[in-house]
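Peer 1: Sequence:
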Amino acid sequence: MSSASSSPLPADFYARPVLEVAPELIGCTLQHGRTSGVIVETEAYHQSEPACHAFAGLTPRTKTLFGPPGRAYVYRSYGVHALLNAVCEAEGIGAAVLIRALQPVTGIARMRARRGPLANRPPRDAQLCSGPGKLAQALGIGLDDDGRSLSRGPLRILARAGAWRDPVIVEGERVGITRAVELRWRFCAGGNGHVSRPRPRSSLASEA
DNA sequence: CATGGGATTGACT
DNA sequence: GTCAATCCCATGC
-19 MSSASSSPLP
-9 ADFYARPVLE
1 VAPELIGCTL
11 QHGRTSGVIV
21 ETEAYHQSEP
31 ACHAFAGLTP
41 RTKTLFGPPG
51 RAYVYRSYGV
61 HALLNAVCEA
71 EGIGAAVLIR
81 ALQPVTGIAR
91 MRARRGPLAN
101 RPPRDAQLCS
111 GPGKLAQALG
121 IGLDDDGRSL
131 SRGPLRILAR
141 AGAWRDPVIV
151 EGERVGITRA
161 VELRWRFCAG
171 GNGHVSRPRP
181 RSSLASEA
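Numbering (the working numbering), first residue to last: -19 to 188.
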């Protein structure tokens, strides 16, 4: 019937320029155990620009970032939140796509339980995964997942399917960084209500 | 060994 | 709009 189950993206999908991969991940499904959601917001990072962790070179923290493509790079932000990235380009090059927001699909009750009572206030589902720290908490992704494959095992990203086969994508500037702020390396699903703030400026005229 | 910064979130003015 | 919480790790003495 209409619920087409799609396949995990192979490692080769990620072995390309990070600026190609980042927009193509919009509409794909991130799955961890029984919880999953459609990716509606991403950002690209590359060792050539100073907002990327790899800019300073290979360190213990960024070991995974320089490793083979198609794996998860998970690190702690502000001492509080776990952030999930998909490692891209060839091994030895530090590049990754930060997964910033999901539209929840399965395991929503479990996501609400993990996120706590704050996420149980309306608009509930719009706030469940509307940020990189939020989605990691909702899906139970932690530092333990650093280095894991995104093609095999409990943590996977599945190819676009169904209504998400050809999404409208809006570009904008990356969020929460202090350097290379002018690069428009943020990609969002156009008009989607599950994107994090600030919502990107759409090129479409304002609606009546 | 001490210090400072950071790809965030939630609470508050 | 502002601001603190909180931990990993890069840097420097």
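Honestly, the hints are just simulated from the structure, not real lab data.
Everything numeric in this text was worked out from a predicted model, so none of it was measured.
It cannot be assumed that every hint is accurate.
Claimed, not checked - Taking CB as the label site, the calculated pair distances span: (1) Arg101 with Ser28: 22 to 32 Å; (2) Ala70 with Gly96: 17 to 27 Å; (3) Val161 with Ser(-13): 30 to 40 Å; (4) Pro178 with Val60: 37 to 47 Å; (5) Ala36 with Ala(-9): 21 to 31 Å.
Here a beta-carbon is modelled for each residue, glycine too, at the ideal position from N, C-alpha and C.
Peer 1: Each hint should be assessed against the structure and marked as holding or not.
Peer 2: Hint check:
One distance hint, 22 to 32 Å for the beta-carbon pair Arg101 and Ser28, is violated here, with the actual separation near 42 Å. For Ala70 and Gly96, the hinted distance range of 17 to 27 Å is not satisfied, since their beta carbons lie about 40 Å from each other. A hinted range of 30 to 40 Å holds for the C-beta pair Val161 and Ser(-13), which are about 37 Å apart. Separation of Pro178 from Val60 is about 20 Å and departs from the stated range, judged on CB atoms against 37 to 47 Å.
Checked against the hint of 21 to 31 Å, the C-beta distance between Ala36 and Ala(-9) comes to roughly 26 Å, which is consistent with it.
In the structure shown, a violation is registered for the earlier hints numbered 1, 2, 4, in ascending order.
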